[in-house]
Amino acid sequence: MNDFTIWDIVRNLLLAARWTVALSIVSFIGGGLVGAGLLFARIGKGRAGQILVRTYVELFQGTPLLMQLFLAFFGLGLFGIDVPAWLAAGLALILWTAAFLTEIWRGCVESIAKGQWEASSSLGMGYIQQMRHVILPQALKIAVPPTVGFSVQVVKGTALTSIIGFVELSKAGTIVTNATFEPFTVYGVVALIYFCLCWPLSKSSQILERKLNVAHRNH
Amino acid sequence: RADALATIEANKVIRIAVPQDFPPFGTVGTDMQPKGYDVDMAKLIADKLGVKLELVPVTSANRIPYLQTNKVDLVISSLGKNPDREKVIDFTMAYAPFFNGVFGPADVMVKDAKGLSGKTIGVTRGAIEDLELTKIAPADVTIKRYEDNNGTISAFLSGQVDLVATGNVVAAAIIERNPPKKPEIKFLIKNSPCYIGLNKDEPALLAKVNEIITAAKKDGALDAISEKWLGAKLPAEL
Amino acid sequence: MNYAFDYGWLLVYWPVLLKGIGITVELTLVGGVLGVSLGIACAWARALGPGWLRPVVAIYVEMIRNTPFLIQLFFIFFGLPALGVRMGELEAANLAMVINLGAYGCEIIRAGIQATPKGQFEAGASLGMSRIQTFWHVILVPALQRIWPALSSQIVIVMLGSAAVSQIAAEDLTFAANFIQSRTFRAFEAYFVTTLIYLALAIALRQILRGLGWTIFPRRATR
Amino acid sequence: MSLIEITEVKKRFGDNEVLKGINIDVAPGEVIAIIGKSGSGKSTLLRCINGLESIDEGSISVAGAQLLPDELHLKALRLKVGMIFQQFNLFPHLTAGRNVMLSQMVVKKTPRGEAETMAKKMLERVGLGHKFDAYPDELSGGQQQRVAIARALAMQPIALLCDEITSALDPELVNEVLAVVKELASEGMTLLMVTHEMRFARDVCSRVVFMHQGRVHEIGPPNEVFAAPKTPELRQFLGML
Amino acid sequence: MSLIEITEVKKRFGDNEVLKGINIDVAPGEVIAIIGKSGSGKSTLLRCINGLESIDEGSISVAGAQLLPDELHLKALRLKVGMIFQQFNLFPHLTAGRNVMLSQMVVKKTPRGEAETMAKKMLERVGLGHKFDAYPDELSGGQQQRVAIARALAMQPIALLCDEITSALDPELVNEVLAVVKELASEGMTLLMVTHEMRFARDVCSRVVFMHQGRVHEIGPPNEVFAAPKTPELRQFLGML
Ligand SMILES: Nc1ncnc2c1ncn2[C@@H]1O[C@H](COP(=O)(O)OP(=O)(O)OP(=O)(O)O)[C@@H](O)[C@H]1O
Ligand SMILES: Nc1ncnc2c1ncn2[C@@H]1O[C@H](COP(=O)(O)OP(=O)(O)OP(=O)(O)O)[C@@H](O)[C@H]1O
Ligand SMILES: [Mg+2]
Ligand SMILES: [Mg+2]
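The listed protein sequences correspond, in order, to chains A, B, C, D and E.
Position 211, counted from 1, in the first sequence is what the working numbering calls 211; the numbers after and before it change by one each time, with no gaps.
Position 62, counted from 1, in the second sequence is what the working numbering calls 62; the numbers after and before it change by one each time, with no gaps.
Position 76, counted from 1, in the third sequence is what the working numbering calls 76; the numbers after and before it change by one each time, with no gaps.
Position 205, counted from 1, in the fourth sequence is what the working numbering calls 205; the numbers after and before it change by one each time, with no gaps.
Position 146, counted from 1, in the fifth sequence is what the working numbering calls 146; the numbers after and before it change by one each time, with no gaps.
Pulled out of the complex, with its shape left as it was, chain A reads as follows (with noise of 0.2 Å):
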């Protein structure tokens, strides 16, 4: 019944790691248009459009994704709308990814100084050219570390797209262990690649902050 060798064992786990790194770029770069996207609403001034993005964060930073997931795939399709799995996992990631960029971002916007935009009311500038020549420079500066950050719990995310059918890294993990019975071995591999996945980026992004905290100081 057994008949992985170490080999066997590192050559599955990586090639299920494309699938982990696939969908975290996908749920990246999507949870960041989306995000973008509610950020305006949420900072605008529209009172509808604050409170319908509070309510969307609320909802999807206060239910495990792995809920999201299923509700995505097998709720939609109760309804007889069948989505399948690759959209699934992409629609709930990039949903969720969403929620928490948001956030994070616009706790950067909010930390730009009253007197910026103040002082660029006063030399006659509209709310979007606020935003684009004044605001948004700055707030996306200091938003680069915790943005990258977050993406390390992106790529630990998508490990619960299994419920919904993919085999990435972590399920790969779990199949390969059901075969062998060497859960250390795997697991261990699996850590190891994750650690390999995450902790440039989590690096990186420590090192952006510090220059940033570098670049304040001079203020």
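FYI, nobody ran anything at the bench for these hints, they're computed from the structure.
Backbone N, C-alpha and C define an ideal beta-carbon position, used for all residues, glycine too.
Each statement offered as a hint is correct.
So the derived list for chain D, only partly shown, Cβ under 7 Å to chain A, looks like this: (1) Arg78; (2) Ser103; (3) Val106.
Each computed BS3-like pair below joins lysine-lysine, with the alpha-carbon atoms no more than 27 Å apart: (4) Lys131/D x Lys182/D; (5) Lys37/D x Lys114/A; (6) Lys81/B x Lys19/C; (7) Lys10/D x Lys45/A; (8) Lys45/A x Lys108/D; (9) Lys108/D x Lys114/A; (10) Lys10/D x Lys114/A; (11) Lys37/D x Lys182/E; (12) Lys109/D x Lys114/A; (13) Lys109/D x Lys45/A; (14) Lys80/D x Lys114/A; (15) Lys75/E x Lys109/E; (16) Lys118/C x Lys20/E; (17) Lys75/E x Lys118/C; (18) Lys141/A x Lys118/C; (19) Lys35/B x Lys218/B; (20) Lys118/C x Lys203/A; (21) Lys52/B x Lys208/B; (22) Lys80/E x Lys118/C; (23) Lys114/A x Lys131/D; (24) Lys141/A x Lys131/D; (25) Lys182/D x Lys37/E; (26) Lys37/E x Lys131/D; (27) Lys109/E x Lys118/C; (28) Lys218/B x Lys190/B; (29) Lys75/D x Lys114/A; (30) Lys75/D x Lys45/A.
Place chains B, C, D and E with the ligands on chain A using the hints.
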């Protein structure tokens, strides 16, 4: 709504859910392709229907939703029957035996279900042995239900549970690996068979699958599968 | 839709759900309290502690933050017994959550400490307080106040993440959902109900943490 | 004709009436110092004139046009009236030159080349021609404040509002900023400035407004106001300093 | 005998020698003002006396005991010498009263009741007896600074170091703080203060130290130093203000 069998025949493809984490019924080879008793059973059915087979790997958590949302036509995942389950889906006739036993290290003395009293026993959640053990175990048994076989086995090997309930073949595979703690058979749980699951109100498909199973029992095809994966012929009463 | 929702099982299985909620709450409570404490200790060590301790804590933090919770859980529950440390699934689940929140909390709290104006350290020192005394009496509370929203979010995330403990047979809310669906095959209903419960728990937890913030930190920091 | 007419302006924050009916007329080229205790409403008044706060009652008109709180009117107003803040509020991600160019290009759609010429000229005027490419955090406080002045001037306003523009500066840097303001005054710019620099108010301003509890308590040429304060409040205020 | 003896003290930050050999003797009860341009090393000198910075050469002794850079000596020193900062540095999470009590209880292990009595007394002394339960952010800058003074006094130091303690205050609030300091001086407290308030230095201090480029450039009683500066640097400095 279109009749499932008609759809299968029209599309020339049948989608069957099989496990990937439940050896020997479903596991993977070194190429990560599914294999096992359930997989061979699926192949057999597709073969007899003369349609292409699309295997959909599932877990115990999502196998029924796959069926209910029509993402698969059949679930061959060593399903056990109970009245609650029968309210939700239909079952075919039995297609596989399940040699369930309670296993434990040599120094734990247990001969029957009563002897489990006060012990901690590990089992895979939702599997047949879980259903059966829950029925027969005395009240003071602690049953720990793990996500999959690996969890159950790991719990046993690391000493988190005194005993495990699992299939013979699984236990044999463990012994083969020569662990410090060898699982010896303590007693057999009622030999409860496995059924194929399908959606309700599909009489045509149900009849067709039952027909295929009956034929396979007669012509020895099932015996061969059983011999290959469980190391024994089908028991007579199945 | 050809599926008929049926919540009849709730009548039979509500004790399972209730127990699941209880365990999820207990795990969150213990994990939260001990995890934040560990986070404070580690944040101190990393920001102000002795030189040799800093890399040790850094390695711990990096290892935890860059690997999945589930795998940490497996190593604690299945792996530690090989080293002679055996604990039940609840203890293991608790330990994993504490270790996990400890690492995230460390980084969050450290940010709070680092945002402390240098003058606070100096004021403490010039009044004759030792470094530890200054940290404990002067730095810590305002630092926590500064990062309280971030820390609260992390605690909610850890609460939701505790779903993974069902894999080592800890009978939390997710276990309850899985158990019920394995008996009744009512997966949608079970998952839907648990999702709502998680949502309610998350909202409640956030409110409790906010209230806690108001009581621990008597003043809102001036803007 | 007066350039800025402030008539019976009232402003409330919740229950707190901060401005209780202000009347001031500012003639073109006048330099007016606004003095008064903390909380007396000085900043609020300037912010109302610039439209950063809406007023509850009364009216403000600049160069004959009424101040109305919609985007279009506000923009038109702000092209006429520049404002400089205590905290400089330079845009930290842009160089000094780009700080001065930005609003010209964005608001007035001035072509880049022209905006750059104007920026150079204005920086020159505040004595910072050589700092065109420096970022705000590379400049001293006094230099930053002068860039802020150049930025406001580049929009060619007909009046400038200055809110304690030297209070955030170290004592040694105050003079370099005041020197620039003095020069602007001598060139005929209309100025309304909240200030604590009494010597400067005395030497440079045409009139001094003393605010007290949301009202204009005294108003007059500096030699009158400083030498012969009429009210005990002003006397007390001047004695305090 | 002098209370504080500063002998040939040198301090470098990297390559930058900030103190280039400072000698000052402070007699008990003396009130000394330290003046000088930004960057001349005034703050650094005070911080060295309080042990917040270590010195590279020379020696500092307070009440006969040498300043050594280990925790025990530092603590003993800081019980003798209090320090007050420009930015107040009150503990924001504690009330005024608890701010004053904390270090007594933590450092001196004074029982709570006693510490509270002392805190009340000290807050009374700076005119803030009624603000015992107010949090720092409910107090004006001047009040905050007075709490900081009370906090330092509660440790019963034999000398106080004050680093520009009025520079962060609005002009109206400066006087209330200076009044407290004046009273301390008249009660015989030894004071070393960096200040920009020349009038105050002239009226209250026994000696004035003018620092320039890391050296004591001139030192003497205020009437000499202010009326007849000997060096062109001091003359220029005084002219600037
Ligand atoms: N946005 C606001 N919301 C509520 N109250 C405000 C607001 N801005 C100012 N106030 C209140 O209005 C009053 C006047 O404030 P203002 O800033 O105009 O005073 P000021 O004369 O400029 O004082 P200072 O010299 O301290 O700058 C104060 O009591 C202040 O608390
Ligand atoms: N921690 C430090 N690291 C490096 N250089 C420092 C540090 N602290 C002060 N300096 C430098 O030492 C010199 C003297 O600084 P110090 O703060 O003592 O001046 P000061 O006379 O108090 O000036 P100010 O009036 O601006 O407070 C300055 O050139 C400053 O840049
Ligand atoms: Mg103001
Ligand atoms: Mg200084």
